[in-house]
Amino acid sequence: MQFVVVMGNSGGVSPGVPEQALALAENFIATIKDLANQSVKFIQEEMLCKIQIGSGVICNEKAAISVFVIFISIALGIICYIFTKFCFCVRRSHRRRKRRNRLKKMEEQEQLQAEMLQQQMQNMQMQGQQMRQQLAYQSQMQQAQMQQALMQQALMQQAQMQQAQMQQEQMQQEQMRQEQMRQEQMRQEQMRQAQIHRQDINGYSEASLSHEHSHSEDNFIGLGYQSTP
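Numbers 1 to 229, taken from UniProt numbering, label the letters of the sequence shown in order.
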């Protein structure tokens with residue numbers, strides 16, 4: 001009749017737990033295994049002792065020792081179990097802490113990346129706004145330059161038109177002056193011609209009168225009349 005006691009560590013201790021604690025737990029587990037096996041052997045020997053030997057004094061002492069060893073083994077087993085659970089709890093808490101730290105770092109990194117992205121977006125918006133303002137300023141400058149050029153062109157055209165109008169007025173005045181001079185010359189020529197014509201008419205009239213007068217005197221003399229001197 002054999003009894004086998006198996007106790008061990010199903011997991012392991014995280015790297016955060018000291019190596020000495022792990023070694024101590026393994027020693028406790030090995031000790032419990034040895035004590036349990038010895039207790040089983042003592043019980044087997046006691047049973048064989050009761051069967052084979054009629055004397056019960058020595059067998060009873062061996063049984064008492066076996067029971068004492070069993071109780072000690074159970075107590076040590078409980079202690080090792082509690083210690084192992086403690087190690088597991090420490091490991092679990094360490095893992096949780098590591099997970100929390102990792103998540104916290106990831107959240108911080110995500111938040112930092114979000115802030116950087118938001119800052120980049122703000123910078124891009126500011127750059128876009130500056131570019132729009134610069135383009136608007138350039139457009140206004142171009143419009144102002146175009147308006148100034150149009151105003152200068154309009155002023156030049158107006159000046160040219162005024163100059164052309166003045167030249168036209170001067171030409172009209174010159175034509176009018178020349179026309180007045182021509183008319184004055186024609187009037188003077190007509191007056192001169194009329195004066196010449198009058199002179200011719202007056203000369204002819206005087207000649208005719210003098211001829212008629214001499215002819216009338218001849219007629220009077222022929223008729224016997226004598227003209228008065």
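You may find that some hints are simply not true.
[Stated by the list, open to error] Cβ pair distances, simulated, as ranges:
#: 1; residue 1: Lys104; residue 2: Gln127; range: 39 to 45 Å
#: 2; residue 1: Met106; residue 2: Gln143; range: 50 to 56 Å
#: 3; residue 1: Arg177; residue 2: Ala136; range: 58 to 64 Å
#: 4; residue 1: Gln120; residue 2: Cys89; range: 31 to 37 Å
#: 5; residue 1: Met131; residue 2: Lys104; range: 47 to 53 Å
#: 6; residue 1: Gln109; residue 2: Ala136; range: 27 to 33 Å
#: 7; residue 1: Gly128; residue 2: Glu107; range: 51 to 57 Å
#: 8; residue 1: Met166; residue 2: Gln127; range: 55 to 61 Å
#: 9; residue 1: Gln167; residue 2: Gln127; range: 32 to 38 Å
#: 10; residue 1: Ser139; residue 2: Ala164; range: 32 to 38 Å
#: 11; residue 1: Glu26; residue 2: Glu107; range: 46 to 52 Å
#: 12; residue 1: Gln143; residue 2: Gln119; range: 45 to 51 Å
#: 13; residue 1: Met191; residue 2: Gln170; range: 44 to 50 Å
Calculated directly from the structure, the hints in this document are not laboratory data. Just so you know, these numbers come straight off a predicted model, no measurement behind them. Backbone N, C-alpha and C define an ideal beta-carbon position, used for all residues, glycine too.
Structure-based check of each hint:
A beta carbon spacing of about 34 Å between Lys104 and Gln127 contradicts the range 39 to 45 Å that was offered as a hint. Met106 and Gln143 have their C-beta atoms about 54 Å apart, which keeps the hinted 50 to 56 Å range intact. The hinted window of 58 to 64 Å between Arg177 and Ala136 holds, with their beta carbons roughly 60 Å apart. Between Gln120 and Cys89 the beta carbons are some 45 Å apart, a value that contradicts the proposed interval 31 to 37 Å.
The beta-carbon spacing between Met131 and Lys104, approximately 40 Å, falls outside the hinted interval of 47 to 53 Å. Against the hinted window of 27 to 33 Å, the Cβ-Cβ separation of Gln109 and Ala136 comes to about 40 Å, which falls outside the hint. A hinted range of 51 to 57 Å for the beta carbons of Gly128 and Glu107 is inconsistent with their spacing of about 31 Å. Distance hint check: the CB atoms of Met166 and Gln127 are about 57 Å apart, consistent with the given range 55 to 61 Å.
Distance hint check for Gln167 and Gln127: the Cβ-Cβ separation is about 58 Å, which falls outside the suggested range of 32 to 38 Å. At about 36 Å, the CB distance of Ser139 to Ala164 agrees with the hint of 32 to 38 Å. Distance hint for Glu26 and Glu107: a CB-CB separation of about 38 Å, inconsistent with the stated range 46 to 52 Å. For Gln143 paired with Gln119, a C-beta distance near 35 Å fails the hint of 45 to 51 Å.
Here the CB-CB span from Met191 to Gln170 is close to 31 Å, at odds with the stated 44 to 50 Å.
Of the numbered hints stated above, those contradicted by the structure are hints 1, 4, 5, 6, 7, 9, 11, 12 and 13, listed in ascending order.
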